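What follows is each chain in one-letter form.
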Amino acid sequence: MSKIVEGLLYSEDHEWIKVEGNEAYIGVTDHAQHQLGEIVYVELPAVDDELNAGDVFGVIESVKAASDSYLPVSGKIVAVNEDLEDNPGLVNEDPYANWVVKVELSDSSELDKLMDAKQYEEFCNE
Amino acid sequence: MSESRKTALYNMHQKYGGKVVDYAGWALSVQFEGLNPEHENVRTKVGLFDVSHMGEVEIKGNQATECVQYLITNDVEAIVDGQIVYTFMCNENGGVVDDLLAYRYSKDHYLLVINASNIEKDVKWILENTKQFDVEIKNISDDVSQVAIQGPLAQKVLQKVTDTNLDEIEFFHLKRDVNVAGAKCLVSRTGYTGEDGFEIYFDNKDAETIWEALMENGKEEGIKPIGLGARDTLRFEATLPLYGNELSADITPLEAGYGMFVKLKKESDFIGKAALAKQKEEGLKRKIVGFELIGRGIPRHGYEVEVDGKKIGVVTTGYAAPTVKKNIGNALVDIEYTELGTEFDVVIRNKPVKAKVISKRFLSKK
Numbered sequence: 001m002s003k004i005v006e007g008l009l010y011s012e013d014h015e016w017i018k019v020e021g022n023e024a025y026i027g028v029t030d031h032a033q034h035q036l037g038e039i040v041y042v043e044l045p046a047v048d049d050e051l052n053a054g055d056v057f058g059v060i061e062s063v064k065a066a067s068d069s070y071l072p073v074s075g076k077i078v079a080v081n082e083d084l085e086d087n088p089g090l091v092n093e094d095p096y097a098n099w100v101v102k103v104e105l106s107d108s109s110e111l112d113k114l115m116d117a118k119q120y121e122e123f124c125n126e
Numbered sequence: 001m002s003e004s005r006k007t008a009l010y011n012m013h014q015k016y017g018g019k020v021v022d023y024a025g026w027a028l029s030v031q032f033e034g035l036n037p038e039h040e041n042v043r044t045k046v047g048l049f050d051v052s053h054m055g056e057v058e059i060k061g062n063q064a065t066e067c068v069q070y071l072i073t074n075d076v077e078a079i080v081d082g083q084i085v086y087t088f089m090c091n092e093n094g095g096v097v098d099d100l101l102a103y104r105y106s107k108d109h110y111l112l113v114i115n116a117s118n119i120e121k122d123v124k125w126i127l128e129n130t131k132q133f134d135v136e137i138k139n140i141s142d143d144v145s146q147v148a149i150q151g152p153l154a155q156k157v158l159q160k161v162t163d164t165n166l167d168e169i170e171f172f173h174l175k176r177d178v179n180v181a182g183a184k185c186l187v188s189r190t191g192y193t194g195e196d197g198f199e200i201y202f203d204n205k206d207a208e209t210i211w212e213a214l215m216e217n218g219k220e221e222g223i224k225p226i227g228l229g230a231r232d233t234l235r236f237e238a239t240l241p242l243y244g245n246e247l248s249a250d251i252t253p254l255e256a257g258y259g260m261f262v263k264l265k266k267e268s269d270f271i272g273k274a275a276l277a278k279q280k281e282e283g284l285k286r287k288i289v290g291f292e293l294i295g296r297g298i299p300r301h302g303y304e305v306e307v308d309g310k311k312i313g314v315v316t317t318g319y320a321a322p323t324v325k326k327n328i329g330n331a332l333v334d335i336e337y338t339e340l341g342t343e344f345d346v347v348i349r350n351k352p353v354k355a356k357v358i359s360k361r362f363l364s365k366k
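From first to last, the protein sequence lines stand for chains A and B.
Going by full-length UniProt numbering, the first sequence opens with residue 1, and the numbers climb by one from there.
Going by full-length UniProt numbering, the second sequence opens with residue 1, and the numbers climb by one from there.
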């Protein structure tokens, strides 16, 4: 059973969002990393990129395939987790501790469209 | 997925926790425990593969040898009964209809083992092109199951469930009517991983018995079931081509770098011989090379290859290779970029990433 953490928000594309004030950490869920298998490469966006909700912000590659990651909320990338460049397997080890990007939110009302832990659990079980 | 055909080992995929996907119309596991540990297990110990989806065609009769010689690029007159060749069936232009193993039982009897995705096409091709020969051609794919046991400990495990001395079966040789776990099997010392091992063919009804006997008897050696994912990374590291990647109707075996399986000197004619002879004489215009990515990223099948923004080729296979531990690939590129050490760009999501031509012998072992 995949781990789902209380207090985070979740997207239908299996990203998690941890909101801190006007900023948010974003990563991929445990469900997603299980689906992907061993992650061998994470392509990160550039800091200061301004992206809209639904835009591709990164690419997570497993041995078998490359999968796009979609930004669940609009905003400016203020930080990327550079540790993942050298050690992409961290996402497999603990997908919630190893965020991928940190975003400055441009429209916090978009957060309302995301799921909470319970809703996400139901979504994954569908 | 509900439309995918199930092999006789489908229940084993479920039992051993396989992540089942559709592959060439078959429900097969892409992985069990995980791609990297499975890959590693085959390189260091032993792994068991369900390859029942592969096709088998029997060719029998007075002119079986002539018939097979006409269909394939390799030479089955140069081998002895009980031997096997890797070969291609080509079209008139020298493009590859399929790559296959030709098992020689006798000069009157052969078994061709073909790719699952090509069974229908191949059988049609074989029937249409062999009308002039006095032979009986039978597609027995639906009746035959197949497992491959591969890795340095493969023989040790298989020996526990057969009374045939496996030392008697040399590399690329076969033995028929071998008793494996009580079932009558065809056993050959072949495989698709670059490791020692065997491929075992048997009646569908014996599939689960044989699978379970090998899993049970291989416990001590650390046997694991292996999925399609590791099958692909293993074959790629071992420089073995995959139909649809390195080989296709538009790529000749010479361009793919497998000229050694094209016997232009064999006496008998074969389909594509004239075209391949001409290509060899005129020289290749493009060729498949191995490369290593110097920049960051992972090359994938289908990515374009460029030099100074000009397209010079395409990636046929690419991976973060588990044993080699590099991001490597094969690419079909214009001939002037095939020298070892040549640099070109692989276009990864619109971004050119530097790569260097290296030897296709990625795996430096043994």
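None of these hints come from the bench; they were simulated from the model.
From a predicted model like this one, the values you see are computed outputs, not experimental measurements.
Please note that a few of the clues may not be correct.
[Claimed, not checked] Short, incomplete list of chain B residues facing chain A, as computed with Cβ under 7 Å:
hint, residue
1, G34
2, H109
3, G229
4, G290
5, I294
6, V324
All C-beta atoms, glycine included, are put in the ideal place defined by N, C-alpha and C.
The hints, checked one at a time:
no.	hint	result
1	G34	6 Å, holds
2	H109	39 Å, violated
3	G229	5 Å, holds
4	G290	18 Å, violated
5	I294	15 Å, violated
6	V324	12 Å, violated
Figure legend: structure checked against the earlier numbered hints; hints not met, in rising order: 2, 4, 5, 6.
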